[in-house]
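Trainee: Just need the whole structure built from these sequences, with the hints factored in.
In the order they appear, the protein sequences are chains B and U.
For what it's worth, our numbering labels the leading residue of the first sequence as 129, then goes sequentially.
For what it's worth, our numbering labels the leading residue of the second sequence as 4, then goes sequentially.
Since the hints were derived computationally from the structure, they do not count as laboratory data.
Wrong hints could be hidden among the right ones.
As the list claims (entries may be wrong) - Which chain B residues face chain U? A few, computed with CB under 10 Å, are given here: (1) P169; (2) I170; (3) G173; (4) P175; (5) G176; (6) S177; (7) P179; (8) R207; (9) K217; (10) N218; (11) T256; (12) A271; (13) D399; (14) R401; (15) L408.
What the hints assert, rightly or not - What follows is a list of derived Cβ distance ranges for each label pair: (16) U/G370 - B/M484: 17 to 25 Å; (17) U/I103 - B/S162: 22 to 30 Å; (18) U/Y365 - B/M484: 17 to 25 Å; (19) U/K263 - B/G409: 26 to 34 Å; (20) U/K341 - B/N164: 51 to 59 Å; (21) U/V448 - B/E412: 47 to 55 Å; (22) U/H369 - B/V415: 33 to 41 Å; (23) U/K341 - B/E320: 49 to 57 Å; (24) U/S151 - B/I257: 52 to 60 Å; (25) U/E258 - B/P156: 29 to 37 Å; (26) B/E460 - U/K341: 47 to 55 Å.
The beta carbon of each residue, even a glycine, is placed where N, CA and C say it ideally should be.
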Amino acid sequence: MNKEFQTVIGLEVHCELKTETKLWCNCPNRFGESPNSLICPICLGLPGSLPVLNEEAFRLAIKIGLALNCNINSCIFHRKNYFYPDMPKNYQISQYDMPLNTDGFIILPGGKKVGIIRAHLEEDTGKTIHSGSTGRLDVSKEALVDYNRAGVPLVEIVSAPDIESPQQAREYVEELRLILLSIGASDVKMEEGSLRVDANVSVRQPGEPFGTRCEIKNLNSLRSLVKAIDYEIARQSEILSSGEAVIQETRHFNESDGKTHALRSKEEAHDYRYFPDPDLGFFEPDVELVKTLKESLGELPRQKRTKLTKILGADVLTNVNVNLILEYQLDELILKTIGLGADPKITFNRVVNEVMNLYPNINHLSPERFKEIIDLEVSKKITPNQAKTLISQVSQLGREPKEIIQELNLASLDEQALKDIIKKVIKDNQEVWQRFVKGDEKPLKFLVGQVMKATQGRADGQAVTKILIEQKSIA
Amino acid sequence: MNSIEFNSITEAKEALDQKRLSVTELINLFFDLIKETDQNYHCFLELNYDSAIRQAQAIDQDFENKISKPLKGIPIALKDNIVTKGLRTTCGSKILQSWIPPYDATVVKKLKEAGAIVVGKTNMDEFAMGSSTEYSAFGPTKNPLDTSCVPGGSSGGSAAAIAASLSLGALGSDTGGSIRQPAAFCGVVGVKPTYGRVSRFGLVAFASSLDQIGPFARNVNDAALLLDVVSGNDPMDSTSLNVAATNFFKSLNSEVAGLKVGLIKELTDQCDQVVKETIQKLCDLLADYNVVISEISMPSLEYSLPAYYLIAPAEASSNLARFDGVRYGLRIDGSSAKDMMIKTRTEGFGNEVKRRIMLGTYVLSHGYYDAYYLKALKVRTLIKKEFEKAYQNYDLLICPTTPTLPFKLGERMADPVSMYLSDLCTIPSNLAGHPSISVPFGPKVKNFQVGIQVLANELDEQKMFNLAKFIEEADE
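Mentor: Structure below.
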C-alpha cells in the first residue's frame, strides 16, 4: 500500500472587527476591560431587546470582502441556535445561505492561490471562565461568564480546501493577517483572540476523492496551528495505513501534549436550526458605497511586496522577515527614503537591523531624516555604529541628525587624527603592544577597544584594526 | 365619584381640564376600584401604585404648565410582556416571576412622554401563547361581563381591565389575535396596527415577525388617540417602519358612503349562527348607508391557521431560548450548566409554552425545515398576495373577530386545537402584516356582543378607524 498521503486543509478564520461599538448596540468594543463592564440590555439579550446593525461593521466587512476578491452580495442574517451560557440569547446572529461576501481568493507570497468560499458577518459570544482543571464546562464545578465580548462584530472567513501543508496553512493565516491589518479591519491579535483559527484537515491518496475530515479547534497561535495539523496528518495517515477509517469529528488541540483529542462526533454535532432572523431585514450594499470602499483599500500586502522586490531585488529579501516589515508598515519608510535618493541596500539593512528593533518608537524618523543618516554613512562621514546611534536618537527624540551629531560629537575622525590617537594608545600600553608585535594576536581586540574608548566611539572599528596592523608591520 | 363614571379618555381629560378633580384623585379612583373589584377578575399581576401616585402629584403641581400632553394624567394598563423599568415584568411566566427590568420599552417611554400614568401590569397567557388567559402561571383572568367565562387572550388582563373600568386605556400585544380576540370577548375596542407601525423594542418577543403592540379602549376615538401616541419610527427596532407620525384621532370621522367593503366568506362561514346573523345585520345597515358591500372569497385563508402554527412556534422556540437561568429570572440549580438549564426550563415554563417550543424546534430541525417552515412561509406569501388582490377592489374587509362568543373557563383547556381555532379569523392579518380592529356590535346575547373585525391594507388605519367608528355609532 502506498503510504504517501496528500493533505487537504481548509481554514476557518474568525476576526474581530476594529469598530468603536458592538455589532447590534452602542456598547464600546474594547478588549481587556473589567468583566461585564461593557454591557447593555441588547448585548445581554435581555427580554424585549432588539438588534440594530452597526453600519461601521458592515462597511469593514465589505472591505474584507473586497480585499479577498469576493463578490459583495445582498444579504440577510440567520439565527444559529444552540445553548451555551456565554451566548446571551442562546442563538448567534450569523449569516447562512445569503452571506455578504462569496467566491474570492488570495495569492500567498509563495505563489499559491487559495480560494475564499465566503466571508460573513456575525456576532461574537461572551467568555466563560471555568473552574477545575480540564477547562471543560461539563465537568467543572463553577463557571463565570464575562459578556464584554458578546456582540462584538466578527467576520468568519472560510477558505476552500486548497491548502496542502501545515506550512502553507501558516503562510495563509499570515497573509490574511497582513491583509486585515493593512485595510484597518481588525487588530488581528491571536493572543487576545481577535484572530482565531479552526482547521479542517483530511488526508487522501493522490487522485482519490477527499478523505473524511476532522475539524480542529483551540489553535491559539501560528505555532499551535502548524503543530496541530502536523499531528493530525500523522494520526489520520496512521489510521488509513492500518486499513481503518477516519471518523468525522471535532477535535480539540491540547497545547501541553501537542495532540488533538476528540471533542464531539458527527452524531453529537449540533443541529443549529438556522432560520432568517425576523428582527433584521434585508441588507443591500450600496453600489456607490462599495466603490468608495474599494478605493479606500490602499495597497495590499501582495502589491507592497512586489514593489519592494522590484526595487531591492529578490535576493535582498530572502531570509528577511518581509511580513514583519509590512506589519510594521516600514515598507513605506523604505520606499520613500529610497525615493529621495538614499542607497537602497543600506537603507534596507538599516531598517532590518535597527529600525525594526526600535519599532514602534519610530515616529520621528521621517524619510528625509533617515536619508540624511544613510547618506552620511555612505560617504563615510559617520561609521555604521554611529549611524545606528543616530537612528535611535533621531527616532526617539525627533531632532535633526545634524544637531545630534554635533551634540554627541559623532562626526567621524579624519585619518590623521585617528592615527595620532592610535599612537598614543600604543605608547600608553607598551607591554601589551610588544606582545602583539611579537606575534600574539590576542591583544588586538584589547587595543581596538582602547582606541574606541579614546575616540568615544567615533572611530570605525575596521579602520582601527587596519591601522594597528599597519603599525605592527612597521614596528 | 367613581371611576366607572368616566366612559372615555376624552371625558376624563375634560374633567381634569375643568378641575372637577385632580389627577391624583382620578388615579386614586381607579386604584380604589381595582382594590375593591379586581379580586373578582384578576386583571392585574402587579400594581404601580407608589410610582403612579408620585407621578400624579407631580402633574397636579404642574397642571398649569401650558405644554399640552395628549394623555396627561390618564391611567393606562400594560400587558405584562411590555418591559417596564423598575416594575416587575413576568410575561405571565414562572420563569420571569421576579424579573425587574432595567429599561423601559419604547411604547412605555412614549406613554410617559405623553403624560400617561401606568397603573399596573396585566395578566396574560404565558409568553402570549393562548387565547383565554388561562395559561397564565399566576391564575386565569375572568371575563367581567360574565365571570364564568374567559376574557379571551392572550391579552385578557388588558381587555378585562378596560371592560371592568379599572383603567381608561391599555396596551396589549397581538401575534395571532391576542388583542382583537379578547377585545371582542370583553366588549371593548382593540387594535392590531400595521406591522412596524409600533416599535417592538421592549416587547418580550413571542413570534417576532408577527408581534405587534396595540391599544385597548372603551371606544374608537380613544383607541385612535392611543395609537397616535405609541406609534412612530424607532431607530431601536430594525423592523420599525419609517413613516410619518399619525393623527388618526384628529382625522377620525364616520363617513362611510361610497366605501367598498368585502365580507370575507371563508372566515364568516366558519362562525356560529348568532355571530353570522349579527354581521349580516351590519352588512344590511352598511348597505343602507350607501356602502358597497359584497362577499369576497379568499380561499388561501383556509391555510392561515396551519401556517401560523408553524411560523409562530418556530420563531418562539428561538426567542424563548434565552430563558435559561444563567443571567436573570428563575434558576433551578443542577449538577452542570446544562443540567441547570434543563431543570430551570422544565420548572419555569408551562405546558402550552413547552408544546410550542417543541413544535417550533421540530419544524426548524434539519430535514424538516423545507417541508414545514419553508412551506409555511410560502403560504404566508400567498396569503399576502391574496390580500393585495382584494384591496385592488375593496377599501376594507370585514368579518367576525371570533367564530364564537366567549367560552366557559376550563372549557377548551384539554383541547389545544379547539383553543387555537378561536384565533381563526384574526390570524390572517398578522400573516399579512396588515392592521385590523375589533369593535363590539349588535344585540346582546346573554351579556355579550359580537366583535366585528375591520381589516385594512398596510398603513390604511385611518379608513379602518373610520368604518369602526361608524359601526360603533350605529350600535348606539
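Trainee: Each hint needs a verdict: does it hold in this structure or not?
Mentor: Verification of the hints:
{"no.": "1", "hint": "P169", "in the structure": "5 Å, holds"}
{"no.": "2", "hint": "I170", "in the structure": "8 Å, holds"}
{"no.": "3", "hint": "G173", "in the structure": "5 Å, holds"}
{"no.": "4", "hint": "P175", "in the structure": "4 Å, holds"}
{"no.": "5", "hint": "G176", "in the structure": "4 Å, holds"}
{"no.": "6", "hint": "S177", "in the structure": "7 Å, holds"}
{"no.": "7", "hint": "P179", "in the structure": "7 Å, holds"}
{"no.": "8", "hint": "R207", "in the structure": "5 Å, holds"}
{"no.": "9", "hint": "K217", "in the structure": "5 Å, holds"}
{"no.": "10", "hint": "N218", "in the structure": "4 Å, holds"}
{"no.": "11", "hint": "T256", "in the structure": "9 Å, holds"}
{"no.": "12", "hint": "A271", "in the structure": "6 Å, holds"}
{"no.": "13", "hint": "D399", "in the structure": "5 Å, holds"}
{"no.": "14", "hint": "R401", "in the structure": "4 Å, holds"}
{"no.": "15", "hint": "L408", "in the structure": "5 Å, holds"}
{"no.": "16", "hint": "U/G370 - B/M484: 17 to 25 Å", "in the structure": "56 Å, violated"}
{"no.": "17", "hint": "U/I103 - B/S162: 22 to 30 Å", "in the structure": "24 Å, holds"}
{"no.": "18", "hint": "U/Y365 - B/M484: 17 to 25 Å", "in the structure": "60 Å, violated"}
{"no.": "19", "hint": "U/K263 - B/G409: 26 to 34 Å", "in the structure": "33 Å, holds"}
{"no.": "20", "hint": "U/K341 - B/N164: 51 to 59 Å", "in the structure": "22 Å, violated"}
{"no.": "21", "hint": "U/V448 - B/E412: 47 to 55 Å", "in the structure": "53 Å, holds"}
{"no.": "22", "hint": "U/H369 - B/V415: 33 to 41 Å", "in the structure": "36 Å, holds"}
{"no.": "23", "hint": "U/K341 - B/E320: 49 to 57 Å", "in the structure": "29 Å, violated"}
{"no.": "24", "hint": "U/S151 - B/I257: 52 to 60 Å", "in the structure": "56 Å, holds"}
{"no.": "25", "hint": "U/E258 - B/P156: 29 to 37 Å", "in the structure": "55 Å, violated"}
{"no.": "26", "hint": "B/E460 - U/K341: 47 to 55 Å", "in the structure": "52 Å, holds"}
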